[in-house]
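J.: Chains as they are written, first to last, in this note's numbering: chain A, 1 to 358; chain B, 1 to 324.
Simulated from the structure, these hints should not be mistaken for laboratory data. Here the structure is a predicted model, which is why all the values come from computation and not from measurement. Warning: the hint list may mix true and false statements.
[Said to hold, decoys possible] Some but not every residue of chain A turned toward chain B, in silico, with C-beta under 10 Å:
#1 277
#2 323
#3 337
We treat Cβ as the ideally placed atom computed from N, Cα and C, and that holds for glycine.
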Amino acid sequence: MFYRETGQFKQSYAADQAVFPILQDRLGLAVILLVAFVAVPLFGNEFLLASVMVPFLILSLGAIGLNILVGYTGLLSLGSAAFMGVGAYSAYKLSTIFPGVNILVWILCSGFFAAGIGVLFGLPSLRIKGFYLAVATLAAQFFLQWCFVRISWLYNDNPSGAIEVPARTLFGLAITGPSATPVTRYLVVLVIVAVMTLLASNIVHGRIGRTWMAVRDMDIAAQLMGIRLLPAKLLAFAVSSFYCGVSGALMVFLWLGAAEPSAFDIKLSFLLLFMVIIGGLGSMIGSFFGAALIHILPIVIRMLPEALGLPIAAATVEHLTYLIVGALIIFFLIVEPHGLARLWQIAKQKLRVWPFPY
Amino acid sequence: MLYNIFIDPFVQMAQMPDLLVQTLWEGLVSGVLYALIALGFVLIFKASGVFNFAQGIMVVFSALTLVGFYDKFSAAGFSGHVAAFVALILTAAVMFVLAMLVERVVLRPLVNQPDIILFMATFGITYVLIGFGEMVFGGDPKQMIASELYLPSGSVDVEMLGGLVSFQKIDIAAAVIASVMIVGLALFFQKTRIGRALRAVADSHKAALSVGISLNQIWVIVWFAAGLVALVTGIMWGARSDVSFALEIVALKALPVLVLGGLTSVPGAIVGGLIIGIGEKLGEFYWGPLLGGGIESWFAYAIALLFLLYRPQGLFGDKIIERI
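Looking at chain B on its own, in the form it has when it is part of the complex:
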């Protein structure tokens, strides 16, 4: 038994390095996608202290909106790349309206309430978006318009380490786009005026208000940014599988990523995503059969729990200082 747990998996890894690389790559890709969802959470948590449970459904909602717009266009005889990008812009506009609505209807009346109340309010947003989305778009899975958005398909097979490792092109694209987006966000946070205001709000709401930063404006911007991140995540994830409300469950996977990295840290979301993605795939592939399979559903949480016991604020989270 002990042999099966501690030695056999590593022997397998050493014997078939190509399989190991393939598993690592798959873990890396799902890690990047988890990180993207977690990034949306972090953006909102940093700027408003709201643990936004609706981020997962925003991913689904934005992807469905995009596909819905495109379907409308192609039904009117206007299809192809241009239509896809017009749909993309319109979806971004919808996400902006959503951000405005959330700020106006939900956040503004609830300002200064305890965290858990705001957390619950995002549950309310989740329910509203599920109900609205299903009513407008229906519950059937939809095909993401990947090729219209110039996203590559197919795979690249590379011969290495005595075997064939296949990389899906869409995965490579996802990794590249995610990295670009992360760099972009980092620059936005560090270099721009709005980014500086965002960081000020994250530090202290009151101090930010006192130097003339409009909280309401900042919140709209942050929710819009999170909406754009959700849109990109939705496109990437939708291109790998179908666009459906089942994605919402995947979004729950972003929670361990989030706490592992620390709720307030953008790099934490990335590193956490990679650790969880790779750990999950390795665990499922090498240790899963011992436990009867299907451990993917809870393995991520177990990893996060282990890390948390060692560092309660996550790997990169702000140190929790408690005063009496």
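Here chain A stands alone, though its shape is the one from the complex:
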């Protein structure tokens, strides 16, 4: 009753092919953007902005990157954290070699370095498939992480072995380094994530995205239909790594402030994969749902005992978090193997026919 296409006439092909053809969708998106851009910075406290929203957005961007590879192209990757690391380290190198150039330029440029490395490690994907490919991408994960430890040039021979973010400004406002306020950092991340999500959405809805989905559904059939597999797969690796790289650069510059190689270890790769699968394979909004669930859930679980006044030791809470997250992963997979995005679709369908059951 409130959410239906009836009566919404399209008078041009452009309107018919719009990403959000229904008025209510557009209104909903506008409300979400309004909340994200105005309400959250105005009313959110420092904890919400710095520890919940900024990481959530950055991880969502990484999840979108991985989703392009796993969800849209069907290439299983366990090396996404390493590509995030490539982005972070190249942004760090570029910004310390050329301190005069705006940091945002370097954060976006670092994506291209990650894309290059991604293409390199994506080359075997033409021959290797499925779980075999997943293990091949583990080679990228461990090799790149080894590089971050061993090649001291990458962290400017810093004796601690970590990269520390230099203070940089945008329009006179500090956006990185210790003096940057959470609000400015949040807004910068939000703008980048919003623009890149729009871009990704356009890519996957266009010719390229359709090529990828054809490759995912059956690559031999796609090849017979005239899709060249190598360019399609490598492009998927490039775009995916670009997104991961930018998200890694954002992670170090606007969230953590400093990072050691262990920040990009295999656990982060697995976390991103959880987000993609719990959120929904091949769904943009699913990447956000997944990131929200996987990032915010442990925070909530950690805060719960304190809020309820239960005397539980910190270590026990940590273990319980593992236990509950694991159980929830299984629970969500059993309830809805197609991810949270699928639940969202079902909810929309229910709204469409409401108040009737069908």
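Fit chain B to the given chain A structure using the hints.
T.: The following block gives chain B in isolation, referenced to the frame of chain A:
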């Protein structure tokens, strides 16, 4: 540079054959242990098509359970060989309960889902086991009850090739037990009724169902078998170092072993384990210094990747036939 890469290591090998033998032996032993972990993966993959990521944590969990039981017994004044073996049997029972639970709670509702979903579900199992294990046993490393289980300690020094090569007795025991277990599993697969049913399930779930094989039962058996393999691996590995959750990382090493040998092949797991173990140790010892050391972390994956480029289904894997 080229000399350092292609000639110098071999000159070193030729000059000090005793060192080479020692390195080969170490590689062989770690290869056997990798192969044991990989074997657990293969068992489950063959019978249910599930890529069981939780195998690594099952190794840790079973070892911790064993030590935990023994600690409880010795706290009650009941220690020694008998207590150790009672603990062993109890641990096996725990692994059986775990197999039942996994089948009942995770696998049965997820039957007929895509592989990647089942793969993710085993991640969930991993997290649950980590959380549960740390809560019950604590995060501190524990001492494996090796001598109580009649496992030898100390080393044998053999003089050969103009030098002294030392073999740890526990390593020899590990190699022997692993071989026995592999032979046993092979016989179990080939000769018994259940083994035949397992192979039938691996071939085709539907065909197996249609001739009256209970899938649920088979899955419990397979997960239990993988749990027993994990227990043996845990004992062996725990006897070499401590029992702690750090072992979980070592279990990731089993993945290149697995793809190198082929996901569906038991002999593949063994051969892959040996290739990776020996290749890794040789690479670290002779080529590692050139690259600044620590290459053990990724060298195994690089070897596996090279083999995969040549044979995408692994050395002994079933040939991948694709139809439209």
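J.: Now look at each hint and say whether the structure bears it out.
T.: Status of each hint after checking the structure:
Taken as an interface hint, residue 277 of chain A checks out: its beta carbon lies about 5 Å from the nearest beta carbon of chain B, inside 10 Å. Given the 10 Å rule on beta carbons, the hint for residue 323 of chain A holds: about 3 Å separates it from the nearest Cβ of chain B. Using the Cβ-Cβ criterion of 10 Å, the hint placing residue 337 of chain A at the interface with chain B is satisfied: the shortest such distance is roughly 5 Å.
Of the numbered hints stated above, none is contradicted by the structure.
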